[in-house]
Every structure is written in C-alpha cells, then in structure tokens.
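Novice: What follows is each chain in one-letter form.
2 protein chains.
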Amino acid sequence: MKLLDSFGPNPRLVRMFMAEKGIELPTEQIDLLGGENRQKSYTERNPGGQMPALELDDGSLLAETTTICEYLEEKYPTPAIIGNTAENRAQSRMWVRRIELNITEHIYNGFRYAEGLDLFKDRLYCIPEAADGLKAKARDQLQWLDGLLAGKDYIGGDSVGLADMILYCCLDFAQGVGQPIEPSLQNVNAWFARMDARPSAAASLHANSEAVGMKG
Amino acid sequence: MKLLDSFGPNPRLVRMFMAEKGIELPTEQIDLLGGENRQKSYTERNPGGQMPALELDDGSLLAETTTICEYLEEKYPTPAIIGNTAENRAQSRMWVRRIELNITEHIYNGFRYAEGLDLFKDRLYCIPEAADGLKAKARDQLQWLDGLLAGKDYIGGDSVGLADMILYCCLDFAQGVGQPIEPSLQNVNAWFARMDARPSAAASLHANSEAVGMKG
Numbered sequence: 001m002k003l004l005d006s007f008g009p010n011p012r013l014v015r016m017f018m019a020e021k022g023i024e025l026p027t028e029q030i031d032l033l034g035g036e037n038r039q040k041s042y043t044e045r046n047p048g049g050q051m052p053a054l055e056l057d058d059g060s061l062l063a064e065t066t067t068i069c070e071y072l073e074e075k076y077p078t079p080a081i082i083g084n085t086a087e088n089r090a091q092s093r094m095w096v097r098r099i100e101l102n103i104t105e106h107i108y109n110g111f112r113y114a115e116g117l118d119l120f121k122d123r124l125y126c127i128p129e130a131a132d133g134l135k136a137k138a139r140d141q142l143q144w145l146d147g148l149l150a151g152k153d154y155i156g157g158d159s160v161g162l163a164d165m166i167l168y169c170c171l172d173f174a175q176g177v178g179q180p181i182e183p184s185l186q187n188v189n190a191w192f193a194r195m196d197a198r199p200s201a202a203a204s205l206h207a208n209s210e211a212v213g214m215k216g
Numbered sequence: 001m002k003l004l005d006s007f008g009p010n011p012r013l014v015r016m017f018m019a020e021k022g023i024e025l026p027t028e029q030i031d032l033l034g035g036e037n038r039q040k041s042y043t044e045r046n047p048g049g050q051m052p053a054l055e056l057d058d059g060s061l062l063a064e065t066t067t068i069c070e071y072l073e074e075k076y077p078t079p080a081i082i083g084n085t086a087e088n089r090a091q092s093r094m095w096v097r098r099i100e101l102n103i104t105e106h107i108y109n110g111f112r113y114a115e116g117l118d119l120f121k122d123r124l125y126c127i128p129e130a131a132d133g134l135k136a137k138a139r140d141q142l143q144w145l146d147g148l149l150a151g152k153d154y155i156g157g158d159s160v161g162l163a164d165m166i167l168y169c170c171l172d173f174a175q176g177v178g179q180p181i182e183p184s185l186q187n188v189n190a191w192f193a194r195m196d197a198r199p200s201a202a203a204s205l206h207a208n209s210e211a212v213g214m215k216g
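Going down the list, the sequences are from chains G and S.
Positions 1 to 216 (the numbering used here) are the ones given, in order, by the first sequence.
Positions 1 to 216 (the numbering used here) are the ones given, in order, by the second sequence.
One chain only, chain G, in its complex shape (with noise of 0.2 Å):
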C-alpha cells in the first residue's frame, strides 16, 4: 500500500490516525496547489478528485478519509481506535457521522465557498452566499458539543476516537483562515488542548503547511 498524500487538513486526518496506530506506510506527494489531483490521470483512478487516496495493492485508489481509516483498522486492528467490536465500532462511527455532518463539512465548506474560494471556483461547484451561513452553522453545533463534552476528555467518552481526530484536523486548519474556536466555549477549548497535546498532533504536520501558509 502507498498513501498519495498532500498538505491539507484531509491528509493530515489520516497521517494522525496512522501515527496513533504506529502505521507506517510509503506517501507520494500530490501536487494539490498545482492541481494534479484534478487531472484526468488522477480522476480516472479517483472520480472524486480529492485527496487523500490510498492505493492498494492491486493497484486500485481507496478514497475518503474516514473509509480509509476504517480499511487500515482493518489491516492493522491493534491498537484499536475505532472499536474491538460490534458496539464500540457502532459509537465511534456514529460519532464520525455527527462530526462530519454537523461541524466539519460546513467549516470545510464555508472555507471552500469564501477564502478558499479562487482555488477552488474551477474544481468544485462552489456557493459563495452560503458561505458565512455555513461558518455560523459549524459555531452553533460546536456550542452544541461544548455541552455534550462536559465531564469527558475526548468525544466519545474516555479514549481518543477518530472523531476527535477528525474535529482537531479540521479546527487546527479552521483557526488558520479564520474560523477560530470561540473563546467561550470552554470544553471545546480544553479538549482542543489535550487534541494538541499528543504526539500524533505533531507527528503528522506536513512538512510543506509552513510554505503555504496553513497549518496541517
């Protein structure tokens, strides 16, 4: 297996989920800026045009973040992040699901949709009005976690989940174009924190995010 990797929150989610398994695999850099991942020979093996992929061992691109998370724990299932059976896996995965839907994908979005939006006007259908709505929807879900995470250290209870890697990803990058954590919300802070703290957080910054301008 390689890891077709690129600076960027999404390829970052997955070199800190490796980085906590101990997973190491070959990368090869996109050049994401330049807009290789939008390019025929990419789109053919990957029609969703984003990155990161992982390619098999036959050959074949494996897409999505968190499915690609999901394939490596099956690979490797020790240490165990997104569960050790049926009903760990189940609050793991319901948790990823609430994260992405409710949080992530509208701070990606409104991030795509304004800042981001000259790079990405010609790659994806992108819908500048909505975009403050999407930034202010994401802080007003975040509220909505601060109190779920009252008395817990990570979000799915006691141990670190992908969830909680994916939300750090994405807030990591978020403060940086700005969409930073509001002050008030105090868990979502101190988690934040504990998120920073790891060796994982460190462990999987690309070496180009200084150049460009963005951390992770």
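Just so you know, these hints were derived from the structure itself, not from any lab.
What you are looking at is a predicted structure, and each value in this text was computed from that prediction instead of being measured.
Backbone N, C-alpha and C define an ideal beta-carbon position, used for all residues, glycine too.
Please note that the accuracy of each hint is not assured.
What the hints assert, rightly or not - Cut-off 35 Å, straight-line C-alpha distance, at most; resulting in silico cross-link-like pairs (DSBU-like, lysine-lysine): (1) Lys121/G x Lys135/S; (2) Lys75/S x Lys2/G; (3) Lys121/G x Lys152/S; (4) Lys135/G x Lys121/S; (5) Lys21/S x Lys75/G; (6) Lys152/S x Lys75/G; (7) Lys152/S x Lys40/G; (8) Lys121/S x Lys152/G; (9) Lys75/S x Lys75/G; (10) Lys2/S x Lys75/G; (11) Lys121/S x Lys121/G; (12) Lys2/G x Lys152/S.
Claimed, not checked - Part of the chain G face toward chain S, derived, beta carbon under 7 Å: (13) Tyr76; (14) Pro79; (15) Met94.
Dock chain S against the given chain G, drawing on the hints supplied.
Specialist: What follows is chain S alone, placed relative to chain G:
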C-alpha cells in the same frame, strides 16, 4: 433490539436496508411531526435528536443511519451488503461518503432551509439563503454521477449497495418536495427505475407516508 421509527426518508433507508437483508425487528413509532424526537427524554438518549435510532439490548440508543446499517451488517452478516472483505467494505464506504457529502446532504439541507423551514426552524440552525445553492450543487453532483453510472447497474458496480439505498430514499423523497431528477440524466433515471422496482423499495414505505404528503 428495537428500531425507533417514523416517517421520513432516513428511517426508510434503515427499513430498506433491513428488507434487503431480511432482518425483522420490533419497532416503536416516534411522533416526528409532534417533535417527540426533540424532547429531552429523547435527546438525553440521542443528543443528535434525529430519527431513526436503534435501541440496543443494553437500552442505549444508536443513532445515525449509516452507523445503524453498519451495526446491523455486523450482527447479521448474511447476505452481505456493505461487504464481506475489507476491500469490498472499503469500496462500499467510499461510495456512501461520496453520495452523502456530495449529494444527499445538500438535498436534505436544501429542503430543510426552504420547503421544510417551518418544521425545522426551531429545531435546527437553518440557512435559508443557502437553500437554492445547495439544491443546485446537488444537481451538479448528480450530473457527475450520471457520467459515472454509464454501463453500471448500481453505484458501486454490479450489485446493490448501501450508497444506492441512501441515494434512492433521498431522491424518492426529493421528487415530492420540488427537487425532481433532471430528465436529461439518463443513467441516473435508469438507475432510479431499477431501484424503484426492487421489492425493498415498496416494503420500506411507511404507513403514514400518504397522510403527511411525502412518499417515504
């Protein structure tokens, strides 16, 4: 286990998945229009406040449609729909995430922020000014999918998958609320007719669908 059920396309998806697998479970009807799922007695058990949910044998609630389907697949592995190898589970999950993030979430939010606004404005943070753009983006992504469906019976290839059911239940609902499939999308329309003819499509209709003016 017991399925907390209601009308609407999301509970229908779980019922369709169960019908395809031949799973029968006791159900309890929740009064969605009356807001039973937004009352504290429900949100304390499912903080997402959405339908459906699966009550597990320990009394806890498992929420989020795709998560419920993954759990049912683990408990009832035959016939496999998500997959019986790490590789075909990965393919299935990749398509599920593409369909949800690129198409169905935009259709549902486009509805919630416009035709559904009266019902949802006190339940969710709504973005009315985003509704038209979200619907247009979903149409754009259905065009993308139309090209990918050329020569294929189902989204993932030769056999019906969870992504097909997610999209079918959404589009069947959408056509009743002002978001019909564009007639020009020949492959999507042919695929929809294929899905609509499956016994699970009729078997998953809700008894109250007609009463509330929504198919599914």
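Novice: Against this structure, judge whether each hint is valid.
Specialist: Now for the hints, and whether the structure bears them out:
1. Lys121/G x Lys135/S: holds (17 Å)
2. Lys75/S x Lys2/G: holds (32 Å)
3. Lys121/G x Lys152/S: holds (30 Å)
4. Lys135/G x Lys121/S: holds (17 Å)
5. Lys21/S x Lys75/G: Distance of about 26 Å is within 35 Å: holds.
6. Lys152/S x Lys75/G: Satisfied, since the Cα-Cα distance of roughly 29 Å is no more than 35 Å.
7. Lys152/S x Lys40/G: holds (20 Å)
8. Lys121/S x Lys152/G: holds (30 Å)
9. Lys75/S x Lys75/G: With a Cα-Cα distance of about 20 Å, the restraint between Lys75/S and Lys75/G holds, given a limit of 35 Å.
10. Lys2/S x Lys75/G: Status holds; Cα separation ~32 Å.
11. Lys121/S x Lys121/G: holds (30 Å)
12. Lys2/G x Lys152/S: Within the cut-off at roughly 28 Å; holds.
13. Tyr76: violated (11 Å)
14. Pro79: Cβ of Pro79/G sits 18 Å from chain S, so the hint is violated.
15. Met94: Holds. Min distance 5 Å.
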